[in-house]
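> Chains as they are written, first to last, in this note's numbering: chain A, 45 to 510; chain B, 45 to 510.
Derived from the structure by calculation, the hints contain no laboratory data.
Repeated chains share a single entry, so a pair holds when one copy, or any two copies, can fit it.
Straight line, CA to CA, 30 Å or less: simulated DSS-like cross-link-like pairs of lysine-lysine:
no., residue 1, residue 2
1, Lys149, Lys113
2, Lys217, Lys258
3, Lys188, Lys149
4, Lys282, Lys113
5, Lys282, Lys481
6, Lys232, Lys282
7, Lys149, Lys292
8, Lys481, Lys467
9, Lys467, Lys213
10, Lys149, Lys304
11, Lys217, Lys381
12, Lys481, Lys217
13, Lys481, Lys213
14, Lys285, Lys481
15, Lys113, Lys285
16, Lys356, Lys282
There are 2 protein chains.
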Amino acid sequence: MSIRFPQIALMAMFTLSAFVARAEYLNEEQQQQLHALKETSINSDLSYEILESLTTEVGARMIGTEADKRAIAWSVEKMNDLGFDKVWTEEVTHYQWIRGDVEAKVLAPFPQPVVAIALGESVGTGDDGIQAEVVHFENFDALKAAESGSLDGKIAFVSYRMERHLTGKGYGKAVGARVLGAQVAAEKGAVAFMMRSVGTDDNRAGHTGITRYKDGVERIAAVALSNPDADMLVNQFKRNKPVEFFLKVTAVRNEKVTVKGANVIGEITGSVYPEQIVALGAHLDSWDVGTGAVDDGLGMAMMMAATSHIAKLPQRPKRTIRVILFAGEEVGLLGAKEYVNVHKENLKNHVIGAEWDFGLGRIYEFKTGVGAEALAGAREFAQVLAPLGVSFNPVNNAQGQSDMSLVTKEGVPAARFAPDGSKYFDVHHTMNDTLDKVNPDDLRQNTAVYTMFAYFAAQTEIDFRK
Amino acid sequence: MSIRFPQIALMAMFTLSAFVARAEYLNEEQQQQLHALKETSINSDLSYEILESLTTEVGARMIGTEADKRAIAWSVEKMNDLGFDKVWTEEVTHYQWIRGDVEAKVLAPFPQPVVAIALGESVGTGDDGIQAEVVHFENFDALKAAESGSLDGKIAFVSYRMERHLTGKGYGKAVGARVLGAQVAAEKGAVAFMMRSVGTDDNRAGHTGITRYKDGVERIAAVALSNPDADMLVNQFKRNKPVEFFLKVTAVRNEKVTVKGANVIGEITGSVYPEQIVALGAHLDSWDVGTGAVDDGLGMAMMMAATSHIAKLPQRPKRTIRVILFAGEEVGLLGAKEYVNVHKENLKNHVIGAEWDFGLGRIYEFKTGVGAEALAGAREFAQVLAPLGVSFNPVNNAQGQSDMSLVTKEGVPAARFAPDGSKYFDVHHTMNDTLDKVNPDDLRQNTAVYTMFAYFAAQTEIDFRK
Chain A
45 MSIRFPQIAL MAMFTLSAFV ARAEYLNEEQ QQQLHALKET SINSDLSYEI
95 LESLTTEVGA RMIGTEADKR AIAWSVEKMN DLGFDKVWTE EVTHYQWIRG
145 DVEAKVLAPF PQPVVAIALG ESVGTGDDGI QAEVVHFENF DALKAAESGS
195 LDGKIAFVSY RMERHLTGKG YGKAVGARVL GAQVAAEKGA VAFMMRSVGT
245 DDNRAGHTGI TRYKDGVERI AAVALSNPDA DMLVNQFKRN KPVEFFLKVT
295 AVRNEKVTVK GANVIGEITG SVYPEQIVAL GAHLDSWDVG TGAVDDGLGM
345 AMMMAATSHI AKLPQRPKRT IRVILFAGEE VGLLGAKEYV NVHKENLKNH
395 VIGAEWDFGL GRIYEFKTGV GAEALAGARE FAQVLAPLGV SFNPVNNAQG
445 QSDMSLVTKE GVPAARFAPD GSKYFDVHHT MNDTLDKVNP DDLRQNTAVY
495 TMFAYFAAQT EIDFRK
Chain B
45 MSIRFPQIAL MAMFTLSAFV ARAEYLNEEQ QQQLHALKET SINSDLSYEI
95 LESLTTEVGA RMIGTEADKR AIAWSVEKMN DLGFDKVWTE EVTHYQWIRG
145 DVEAKVLAPF PQPVVAIALG ESVGTGDDGI QAEVVHFENF DALKAAESGS
195 LDGKIAFVSY RMERHLTGKG YGKAVGARVL GAQVAAEKGA VAFMMRSVGT
245 DDNRAGHTGI TRYKDGVERI AAVALSNPDA DMLVNQFKRN KPVEFFLKVT
295 AVRNEKVTVK GANVIGEITG SVYPEQIVAL GAHLDSWDVG TGAVDDGLGM
345 AMMMAATSHI AKLPQRPKRT IRVILFAGEE VGLLGAKEYV NVHKENLKNH
395 VIGAEWDFGL GRIYEFKTGV GAEALAGARE FAQVLAPLGV SFNPVNNAQG
445 QSDMSLVTKE GVPAARFAPD GSKYFDVHHT MNDTLDKVNP DDLRQNTAVY
495 TMFAYFAAQT EIDFRK
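Let the hints inform the model, and build the full structure from the sequences given.
Following this line, the structure appears as structure tokens:
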């Protein structure tokens, strides 16, 4: 998941049984099929096996790297093995960025090494590094309020700590500094930008994630300190002595070199309305530091497993189910932009879209962004989901997650599932994003929800459009 | 804590009130003073403040490093500030070891980078590194059972995973491979030794700790993989293809260069029997990768705070309380060896010894290694501890922890306190050993226990000897 974050839903929950007296939208056969798919998927480790394969055989896969090429090949092969009817790739390009290393340390008042990570697509400092005094800001607003020129020759440091929350809403409050901090600091004269990682854990692993520069403003190196290192630095500031720092970042942002990735797309073809597409999204790329198990290998595995479970039924559902593994999500939804561009004329045939890019936790809520008439059908489907612990939120304002947000912005209806996000930001964008963080039970529940949703959306004749 | 690990106590607990009908060993005044000290220490953040100071102003402090020198100076100054009557240092020497870096990666069948850390005092691989096939052993016994020559030119890898347990007993079962693995692997012809970290966490941070070479056996580089990386490697082995690996370790073990550390010793002088010493131990050095907050900054802070609380009473207790911050514990109890050597003649005046080197968790058990006649007195004292959640285990076979084990081996009686050790090995010997891991409430309890014990042992006239 990158910077586009779910708007926080109104939390009003309704007991559904009071509203839906009898099935109007799901016939007996569909109901039975959904129950059968629930049993299949909740008892299957297929999505975990797919994820184990991805994290063992590929690992991290930043767009344009050799590993990304392996991930593309792996995805095509895996979808074919899983019984997809059609699998293809669509090229997506980007410029080159090489992470390099970070050397960071306090020189005074108390010399200590500091664990930090370059923010995504940060420039480097040059080989000599930067030695400068650090100016401490408790949050991004305080940095914004600093007077122009007040940071001349200094390193800006924002120590705001992200809050842990079920919905993950702390991310939205913390991520602004990551995206915009370097440009704001540079505008005040800073020679580098440091921040506490956008993360809820206490590991000495920095959280990376994209940072943005602004035309006409000096590009300065931007890094995130791990939470324990940010604590230590804040404790040094409490001594009220100048904090002298050394920072060397060997990252290379090479905008003249083009690298190639690809959206990998696979589908099982609808038996009655093959032109109508139920779009399931996840993103193929990951940051380079973990194995991309949670962000977003988990989403890839869920979409592939869900579609595979349905592909094993005796008959294809009426509509086509298309899985889109988007390229370059982390660096700006590149694959999604390309997809919307390439498929512009066909988006009218995308009957609904759903993505998974908020891994690690049981799904507790389902909501939609559909036409008023379709809402009743969604609500009826929600009753089938309820035994999995998923409530229906009828607010009906959902947009797609991450990549899918660009698709639903074009008028494609959306379904959205919210998980317990309280642990996600412990590992998000860190080297700790590895397979062991995934609870197989939770993944089975997640996969069952998407399997049932995909079948429902592909087998119904409801028009979800507004 | 290094390789000397508590023998697991018999878990038979007794309800003490049934045995001790009235106070025979603690008079009214002593009882009141103990209660007053409990109130003082359980409501004081002094030990946390000392630890915050150490981890902020010094950080990691491997013996003989510049940081170790700062730690020695910091300790002397802090003890003086805290009201100790006498503070001095006693030099301890060692040879030089420089960690350097580790580059580790799977080359085939599936290329992936691997997070690993050099085991303590490992040799390096040379600048070219080693490219070799990896041979997988599920545990150390399997490696020991390998035929001589069967590992010629190969890298040995032991994937045994340490178990989590309240007492920390999983450590004893896992640590043998760390200490002896390199020599056993080399005897079979291996060119390098890799193991899963001795740790219970799922962070991508390797656990270091001393490894030992054997005269006449080739010295090979030895590293520990983080748990997630060990998982990934094991998963690659499941594909039944040869695993080709690259390992480069730039560690330097320089036995010709002498480095200096010191035991730092401070005491408050007994008012009646100044020559009688209650010895409180912790170790000054830490591994170089965290800030040594838990191992063993916490012990240092507890011993210093406990003594300081007692120093603030209107009158010194009868016996002397001596805090010994031992040098070079991690690399082989060097400071303890030196202490026993220097103070050999005076050990008869050490009335009892207790150390803290098993940080991070509430103390649940107190046991002794004292004369039969002294046991009743200890049991009576235990009643005063009971409200803090500490049970008395009357097995009376305790030896000192870590450094203090060498002191009690010389006939000095021992007191030993066991904490909840279930989380300790999440951070032990890793970069994650930082201040944020310390729960201030637990630390207050720990400090209160040691404050009360130190006062009891120094104010009583019980002869603890056997």
